[in-house]
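S.K.: In case you want the letters, here they are:
Protein chains: 2
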Amino acid sequence: MENTVKNQTEAQVISPAQLLEHYQGHRGLTRRVIEAFPEKDFFNYNIGGMRTFAEMTMELLGIAVPGLKEIVTRETTELQEHFEHGNQKSKILERWDQDTEEINKLWGQIELKRFQDHIKLFGQYEGTVQSSIFYFMDNEIHHRGQGYVYLRALGVEPPFFYER
Amino acid sequence: MENTVKNQTEAQVISPAQLLEHYQGHRGLTRRVIEAFPEKDFFNYNIGGMRTFAEMTMELLGIAVPGLKEIVTRETTELQEHFEHGNQKSKILERWDQDTEEINKLWGQIELKRFQDHIKLFGQYEGTVQSSIFYFMDNEIHHRGQGYVYLRALGVEPPFFYER
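Going down the list, the protein sequences come from chains A and B. Each residue of the first sequence is one higher than the one before, starting from 62 at the first, in our numbering. Each residue of the second sequence is one higher than the one before, starting from 62 at the first, in our numbering.
Don't take each hint at face value.
Dumping the calculated DSS-like pairs for lysine-lysine here, alpha-carbon to alpha-carbon at most 30 Å [claimed, not checked]:
1. A:K152 - A:K174
2. B:K150 - B:K174
3. B:K166 - B:K152
4. B:K101 - B:K152
5. A:K174 - B:K174
6. A:K166 - B:K101
7. B:K130 - B:K181
8. A:K174 - B:K101
9. A:K152 - A:K166
In case anyone wonders, no lab produced these hints; they're calculated from the structure.
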């Protein structure tokens, strides 16, 4: 975090360190939602023809670290939303935790001034670094909200939304 | 917006003007989700014992303008999640649009340095001005995601998430 902190001489709406904490707080909550799912429902249950929560989770994993890596390295990669998990939640949670560490490392390499840089993520999504990162988060909150409905429909109590 | 813009001499992760645009972009999408609901389902339909999308919308309206007003005036108010709508979506959309204008006005009165101020919103929710505003947005995205599942379960195509 040194890179970002030393650049902050002015007030920030939200500092890079605060935004990381906010993001990881949301990711911690999403992890608890994954944990709350019965394993078979995680991989099989859906409502209204939507994706399973496992498929949504794969999308989140496909975006977060690869997206931040692209922001840091400026090397375009292809969006990849699948990896081998053998229908085991433990495999997905393991990857989730690796990515938590990876996100912390990558974040420290994004200097304050870069948040306003233009970027075309995964070769197709145009915006700024900040708008891309907010998209990662908003998309996670959106799908996690859908996971809450799946859990409620399955009779499972989801974690409190406001606990991070 | 003049207040906030003239204070920005340093790079911002996200500027006050960008954050407002982001918030109003989300609110515009939520408005389209409200519009997409058949009127009777908006007020009556739910899944798994959850609230109707009308009740969730009332919560969003109860938080946004009153919360920002409290941030601007520093006067504590009580959280009020209900108003008379007579089960008419048009009444709720009318209020939604009034609040869009009101949010723009209030936002212009929040100086850059205030985003890091400590606050105890509605007399009970402690945080900073920025963490409170992000809570307003995150909570809206969360419930709107749930609204998407209701719409899909009702066989209605929701608006695209990435269109703001």
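S.K.: So which of those numbered hints doesn't the model satisfy?
M.R.: Those not satisfied are hints 1, 2, 6 and 8.
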